[in-house]
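Number of protein chains: 2
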Amino acid sequence: MTFELTILGSSSAIPTSKRNLTAHVLNVHERFFLIDCGEGTQIQIRKNKIRFGKIDHIFISHLHGDHIFGLFGLISTFNLLNREKDLHIYSHPELENILNGHLEYFEKNISFSIIFHLLKPKRNEIIYEDEKVIVETIPLKHRVPTCGFKFTEKPHLRNLRKNVVENYRIPISKIRSVQEGDDFINDNNEIISNEKLTLPPYKTRSYAYCTDTAYSEKIIPVINGVDLLFHEATFGMDMKRQAKLTTHSTSEDAANIAKKANVGKLIIGHFSARYKDVGVILNEAREIFPNIISAEDGEKHRIELTREE
Amino acid sequence: MTFELTILGSSSAIPTSKRNLTAHVLNVHERFFLIDCGEGTQIQIRKNKIRFGKIDHIFISHLHGDHIFGLFGLISTFNLLNREKDLHIYSHPELENILNGHLEYFEKNISFSIIFHLLKPKRNEIIYEDEKVIVETIPLKHRVPTCGFKFTEKPHLRNLRKNVVENYRIPISKIRSVQEGDDFINDNNEIISNEKLTLPPYKTRSYAYCTDTAYSEKIIPVINGVDLLFHEATFGMDMKRQAKLTTHSTSEDAANIAKKANVGKLIIGHFSARYKDVGVILNEAREIFPNIISAEDGEKHRIELTREE
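These protein sequences, in sequence, are chains A and B. Heads up, the first sequence is in the numbering used here, so the first residue is 1 and it goes up one at a time. Heads up, the second sequence is in the numbering used here, so the first residue is 1 and it goes up one at a time.
Because the hints were derived from the structure by calculation, they are not lab data. Mixed in with the good hints, there may be bad ones.
Said to hold, decoys possible - Label-pair ranges, simulated between beta-carbon atoms:
{"id": "1", "chain 1": "B", "residue 1": "D56", "chain 2": "A", "residue 2": "L245", "range": "47 to 53 Å"}
{"id": "2", "chain 1": "B", "residue 1": "K49", "chain 2": "A", "residue 2": "R123", "range": "26 to 32 Å"}
{"id": "3", "chain 1": "B", "residue 1": "L160", "chain 2": "A", "residue 2": "L245", "range": "55 to 61 Å"}
{"id": "4", "chain 1": "A", "residue 1": "N97", "chain 2": "B", "residue 2": "R123", "range": "32 to 38 Å"}
For clarity, every value in this text was computed on a predicted model and none was experimentally measured. Even glycine gets a Cβ: it sits at the ideal position worked out from N, Cα and C.
In isolation and in its complexed conformation, chain A is listed as follows:
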């Protein structure tokens, strides 16, 4: 029951020798969600030993090159590997035209279908749901239509205490209802309280991805209380003006959002190439929100299971 984020790229528009262009992979129970796909993403996927065949859903925040130029090569590789499964891409509508024009020339005989899911970046809405996870959009504030994504695990069932199935002779057909919180009535019509049978369920885990964006308090209700928040901090406070001009965030912006949204942990990234050492940005943000780290290519961030109290 993994819930783990892998940072594939942490630079902003210009990559550096240490930071690739933006892409994250979130593994939720062995579903591998790719979030943004900057140039070089397929190489980073390989280096991080993530299997191409596991990626069925790609979420694109907005149509700036540093978030999508890796799609061309990734799709080409899928095709060369004779992928058959559908590939789902969630993005601003215009991407469909761009990709179709591209595929027409470069991937004439494509072995799989691409299903486009068109986002309305101004709304918070559910765009994906299965038995384990829900994905919602987070309206962001950028020069072009942009949205972030929030991934929330579906509620877990209560955990059975040790040996209760044997000790109370619970038939298999009743196990699910016990896990859902029901008491158990045995053959002698005795009621065994659910508390005797189960422990509280694991907490649902959540991850929110917010880039590219200027400071926007509108996102706070959507991301409130997430375990892990990725929020861009393209600039330090020395470049506050540049951040405003380009509708990006500073160290303080990211930290203030994390604080006001009461998140568990903050990862900042999408760093401008002008910062050789992002320690400055990190320290400025840490003053406001202490539980913070910088995004580093290839690093994994796992959220462990914890029980509700």
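We have chain A; now place chain B onto it with these hints.
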């Protein structure tokens, strides 16, 4: 007076964790020629500490994605860095349409001009010339119109022997003619033979880039005697059939071309991702042509100056 090749990527269509997509940089007297531009090229340029501002000419062998998908990001980075100099791209005509459509959406306010030079891949012709170097096309044999590129240094002048300018009182205005091979007549009308004044010039150096291509003896007259030949060897002899089907070369194909063209040194590359260890391909080729190495990302190959005899 550098003549040095840097391998940026050595994989074929699918990159691996160790091999990036195809791109080479040839430094001829501080002109940095970029040859092909697979995805990730801008990152490899950074990693290899080549300055973006030094790249004015990009040569594209053919319009398969693994040779051009890095152009989008590279052009975007040039634009973000406010490049002003013209960028020259030499390629199959269709690239102009593809790039223009792309630029219209992604780089609306581009800070520099792109000058397209349209190649006729079926001919051997000079496509670039300045005072130091000539670039010619090499017609190759592939599924789509494809050509290689040959870079030849212009002939060097003869080298002045030590102290001759002072000892024979050669005026500055006469130095060039002495370097070109003329004798020198001094103020007393004595003829000083050129042999006394100069040493033979350095040999002109040359590099030929041949990928993607099936075995084609037609290229031999064009690449005959080059110091350094890059020839693709996508497959080993175990995949001879696949090589034929996909119009690529095997280990033996590359080595036979190198041998018949009497080149100085052969570099093979564009390796299929199925080979974890390319030693097999290298050994097969070495049997036929011993002075051979495999292309490895980030490796540099310098051709030193040697004097004519």
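The hints, checked one at a time:
Our hint of 47 to 53 Å for D56(B) and L245(A) is violated, since their Cβ atoms are close to 30 Å apart. At roughly 46 Å, the beta carbons of K49(B) and R123(A) sit outside the given window of 26 to 32 Å. Checking the proposed 55 to 61 Å range against L160(B) and L245(A) shows it holds: the Cβ atoms sit about 57 Å from each other. About 36 Å separates the C-beta atoms of N97(A) and R123(B), a value consistent with the hinted range of 32 to 38 Å.
Consistency note: the structure conflicts with the earlier hints numbered 1 and 2.
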